[in-house]
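Trainee: Chains as they are written, first to last, in my numbering: chain A, 1 to 491; chain B, 492 to 782; chain C, 783 to 1097; chain D, 1098 to 1412.
No wet-lab data here; the hints were simulated from the structure. Note that this is a predicted model, so its numbers are computed, not measured. One should not assume that every hint holds.
As the list claims (entries may be wrong) - Facing chain B, from chain C, some residues (calculated, C-beta under 10 Å): (1) T820; (2) T825; (3) V827; (4) A1077.
C-beta atoms are modelled at their ideal positions from N, C-alpha and C, and glycine is treated no differently.
Chain by chain, the residues run as shown.
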Amino acid sequence: MLRAFELTKVFGGLPVLQRVSLEFRPGEVHALMGENGAGKSTLMKMLAGLYQPDGGIIEWRGQQVRFGSPQDALAQGIAMVHQELMPIPDLNVAENLLLGMEPVNALGWVDRAALHQQAQAWLRSLDTELDTTLPMRRLSVAQMQVVEIAKALARQADVILMDEPTAALSDHEVAALFKAIGTLRARGVAVVYTTHKMDEVFRLADRISVLRDGQLVCTQAASEFSPDSLITHMVGRELAQVFPPVVTQPGETILEVQGLTRAHAYRDISFTLRRGEVLGLAGLMGAGRTEVVSALFGLAPADSGQIRLRGQPTRITCPADALAAGFGMVTEDRKGSGIIPAMSVEHNLTLAALEQFSPGSVLDRSAEAAATRSATADFAIKASSPQQAIRELSGGNQQKVLLARALLHRPDILILDEPTRGIDIGAKAEIYALIGRLSAQGTAVLLVSSELPEILALTHRILVLRQGELSAELNPRQTNQEEILRHAMPQ
Amino acid sequence: CKKAEARKPGEWLVGYSSRDQSAEYTARLGDAVQARAKERGIKLVFVDAQADAQKQISQTENFISQKVDVIILNPCEVEASSPAIDRARAAKIPVINVNSLTKAAPDCYVGSDDEQAGILAMEAIAKKLGGQGNVLMIHGIMGQSAQIHRDAGARKVLAKYPGLKLLDHQTASWDRAKALALTENWIQAHQGKFQAIFAHNDEMAMGALLALERAGLKKDVYVIGVDAIAQALDAVKAGRLDATVFQDAVGQGRGAVDSAILIASKQPYEKEVMIPFQVVTRENVDQFLKK
Amino acid sequence: MKAPSLHLDRNLLHRLGIVAVLLVIAGALSATTDSFATASNLTNVARQISINGILAVGVTFVLLTGGVDLSLGSVVALSGVVCALFAHPGEHSLVVPIGMGLLTGVACGLFNGVLVTRGGIAPFIVTLGMMTVARGLALILSGGKPVADMSPSLTNLAGDLGPLPIPLLCFGVVAGGSWLFLSRLRLGRHLYAVGGNEQAARAAGVSVPKVKLFAYGLCGLLTGLAGVVLAARITTGQPNAGQAYELDAIAAVVIGGTSLSGGVGSVLGTVLGVLLIGVINNGLDLLSVSSYYQAVIKGVIIVGAVWLDRRQARS
Amino acid sequence: MKAPSLHLDRNLLHRLGIVAVLLVIAGALSATTDSFATASNLTNVARQISINGILAVGVTFVLLTGGVDLSLGSVVALSGVVCALFAHPGEHSLVVPIGMGLLTGVACGLFNGVLVTRGGIAPFIVTLGMMTVARGLALILSGGKPVADMSPSLTNLAGDLGPLPIPLLCFGVVAGGSWLFLSRLRLGRHLYAVGGNEQAARAAGVSVPKVKLFAYGLCGLLTGLAGVVLAARITTGQPNAGQAYELDAIAAVVIGGTSLSGGVGSVLGTVLGVLLIGVINNGLDLLSVSSYYQAVIKGVIIVGAVWLDRRQARS
Ligand SMILES: Nc1ncnc2c1ncn2[C@@H]1O[C@H](COP(=O)(O)OP(=O)(O)OP(=O)(O)O)[C@@H](O)[C@H]1O
Ligand SMILES: Nc1ncnc2c1ncn2[C@@H]1O[C@H](COP(=O)(O)OP(=O)(O)OP(=O)(O)O)[C@@H](O)[C@H]1O
Ligand SMILES: [Mg+2]
Ligand SMILES: [Mg+2]
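Using the sequences provided together with the hints, build the complete structure.
Mentor: Here it is, written out as structure tokens:
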């Protein structure tokens, strides 16, 4: 019912999408797969009216259409869940969710009671309970993501484009989303789905299209792919192994956390971390994982509790302290506290380690350029030049820049909060290998992730957080997803 | 709560609204009013309209609710300040205008006529140039009553002398730095073609003077301002500035306060106390420096 | 319905710092002067805040979308001049001068809006340009002289209706209407959305240019109204009126908690900000504080009030 | 090294619209007047733009952090008054009045900075407060009258050094130094980061309050310098000088492509903006355009230049 014919998009002289033709059918889940920067989001944004194609046409129910703005596309029944979160921070959850389609009463006034009722109903359809009067800024990233999905569902569109909707979700919400997608499919809605999580594709998709470097590689029924063949199509080569084996033996204790507490977020968190150890932090959405690691990095200091670093009591009140003490961190909220959008890739990359490049506070630009060159190569960052503004990069590539930034000043303790969010399978494998290498070099890694396979495969130990309290410490070799979830579920 | 009526006779409460205390001339006038009020032992509510007629009306309204005995108004605008007088008169509070006129007639006017300043200045120029030559004029903020009237006065004189030509005129918003830049530009555009500059106040005259001095052209150009501020008098004394038009702040201030007391104590008073402008030149500057 | 009253309370709570400062100042003034707490003086304050109030409510819309309008003062002067030009006694009926004044305001506002939305120029520059252009036009149209001789039927608009000053009624209607508009209408909520996150609003199908254009246009309309009220009050179209009015208006809005980056704020806060500025101006005059010290004190009180307010809002 | 020149070119390219408008205007003025393209007039323009130039470069730092400074004009007046008070002939050596003027500027700037960073008050309100406070202080210190009788050694600072006006040299040094600072020093980079995304800058270990405080302090220093230069130029400490200078300065910066929301901009652009405003002012005077039309034309050219610039930058 929706057809893209030879769609082409050019940014700054570089084609990012070349003559891509695709067809989306009612009642079908069509997965779009590809590496970071392959052009998936760009394609979806053209179908949703955010970008205008530089070539090719879009056909809707057999008619050629032009979507000048998202409004046009929405009017035709095409809704989208965006890869980047789009909260309006000071409007409440209900107003965000039903933006542009607020229920009005006979006088033309917004009917607040109905607004909240409807919003709650949509959230409930995703198995989520949220206070819809909360301002959006108070939500965690995962909660915002759920609201974004509900926002698209509420449009009751005929085509829903989902750009990595589960990137920030934990299993519980993912399951609810899949149930909702099942319902949509049954209702004859066309779903276009992008993800970097392989298991999801095979659970959901009826058909799969693979994009590589802006070109359509193939479109086939999902059943005709195997995980390996799909990966091969995406990356253009075979990927030997995703998870490296955990071999390093942890060394002496580097970090001790004692009784860390912050009102309304977490209570009495105590653990130790050793050199070369990869410690996993698991939990459901809103369990407080982000808050705990934010406290360690000085982003949101704890109310009480002690942090001992290399045996010494240490006070960390701001990220600058943490960096000086040998911490490095990749934050969960890429857009909010990660990238500086208008700055170049190079300047974003070197920002946290700028001392290194400015002895006597004068910048050594050739050293910066050299560091950028090696980082773009090491992390396979796809940018037209180091001077390109980071906001023009694909989401996954932005994430890689942030990872590279955190590593540039060689931290002893690396905190990764959902580090593989939005990263393609090839790059994920590289990051996993990197974690392995870092751990072998003696770096302690604190890994927060909602992807349980990742946590199970990469870590030496797993801590489970439940509603702000540590509920278990598990050995990844002797546990499984079900056990972790059992400890994570609210009692 | 104390009541306003509890005042003893002779202990008058007078409201004074200054046009703009950040401009030197009106500030001096305000100071003179305050000094005289102290001398005569009356209570003064002193407010500043900051060149905003609307604000001046508000201040008059405040005076009315404070139940002052007399209001002295240093009007911002001819037309726009008139409602202030209407309001006061409706509340049966006598009003004295000081320094400039309004359309609505006050009970008493103490001051001088801005048009007269323009006439005196341009006459001085005409006399100096022998009725022949090119003149530049620097305006105050466009649309303000002092600008309008000084401009009108100057033009009346220009109309009388066919040989006197207004080569160019422009606003410098009463501001010395702006007049300095403007004169610098005029020197470029009209070099050697003008013999006199009339600035609507001394601030701007000082700016024009600086530009001419820096270009080494002062000896060819006659410069005259209005107000006789201290610096201008010094400059006249030193032979740098040719002339300024003296406006008697102290005389106006005293006159206003004295009339207020007469009116409040229901004694006969003069409806119009004119304190004339005088041209200050090197010859008579000493007598003004003493004041 | 419970939700709206809750909403009101929340906003009030947020602005508790300002209310406290307001009460303290009012209390101090009642204690130190005979005249502050009299009916006639309070009517005075009401009359005096009306023009700034109308402007402040107007510019609240623009600030909510993340824009700014520096042309308020000049457009007030221009609308006043245009209104006065059509207000000579016996020439036209009352609606003509009022209508022309409002129209002038709307035209300036829409022009700003078009340049911001279609032209993609920063609102600061657009409205700074409009500030000098409108001032120039006011001077050209009036020939540089105040436009006098306005018919009494128009200047009476600055008078009273029963016990209430008509300008205050205008302000009241404008503030009340705007409050309802912003809190109850979809377009009102969309204004917040555009200011809060333009991209997100666009992606959700809100027509961002339309919303912005509306905000500038409405602000222009209210600026025109302020111009007409001012002309009535000073019984002239004064081409150099309204100097720096934009600063007082924007200050009132920001004191009231509206963010200059858009998306946060309320008409209620704006009204409180307008009141605070009005009471300070009135009080300093009543106390006959020297104008040099007035400037210092006023600056300190405003910054202090906002500081208290934000501190309390955070805790 | 190749990188810096590339950087320069990019910025120039970005500002091509402004350069084009500047060239067109300069060409038109050379054609229609005898005097525009003369050495003495160009020196003139140079002298006239210096003060706005110094202010504009100063406020570029503040705008880059996403702040704003409305107190420029008043602080110029205050620093000028303080400088003049210490500049009576034979009282102190030259460094005292200059030092006191600069110190006054720095003090005001740091005060703004502290209120913004520690107080968490919006820069608009803080600097609006400072605007009235500094004006009040200037009037109090000077008793409302110009502080005259400045020693010639100080007023000579407005004169020439060889063929070049000293104010222009000041502007040149300030602009050059700031350009180097912003493009070559770590702190310069941090300024952009803070303006681009405050939270992210903090997470990357940048001390946001320190950076902002620095920006306001430096802006204050340069404002103090502008005050001293102005006092030397008009040979007085004028308490009501500098009215609305902030608007011209911020306009120059924004014309030059610096975003009011922070994080984007360059000193080079600011210099172009300053030049454009300076040439327009000079040209309109040379052409003897009536003051009413001057306002209109100036507004239209500025908005038009920015429009062209943004259009070209987008394509
Ligand atoms: N606004 C823009 N300006 C310039 N280049 C852009 C812009 N948006 C995207 N690009 C480029 O287009 C390419 C495709 O980006 P897109 O976001 O479509 O990738 P993607 O497949 O969604 O990747 P990811 O999996 O990382 O989200 C990238 O190389 C990116 O740098
Ligand atoms: N700025 C904030 N203000 C108030 N509450 C917050 C804020 N940020 C987070 N919270 C709340 O704190 C709790 C913990 O959130 P946090 O983000 O740490 O969870 P998490 O375990 O990392 O889960 P995830 O990131 O997957 O959502 C959540 O209930 C969240 O709503
Ligand atoms: Mg993408
Ligand atoms: Mg988290």
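Trainee: All hints are to be evaluated individually against the structure, with a verdict given for each.
Mentor: Hint check:
Because the closest C-beta pair between T820/C and chain B is about 6 Å apart, less than 10 Å, the hint holds. Of the supplied interface hints, the one on T825/C holds, with its beta-carbon coming within about 8 Å of a beta-carbon of chain B, less than 10 Å. About 9 Å separates the beta-carbon of V827/C from the nearest beta-carbon of chain B, less than 10 Å, and the hint is met. Here the hint on A1077/C is kept, as its CB sits about 9 Å from the closest CB of chain B, short of 10 Å.
The structure fails none of the hints (numbered hints given earlier).
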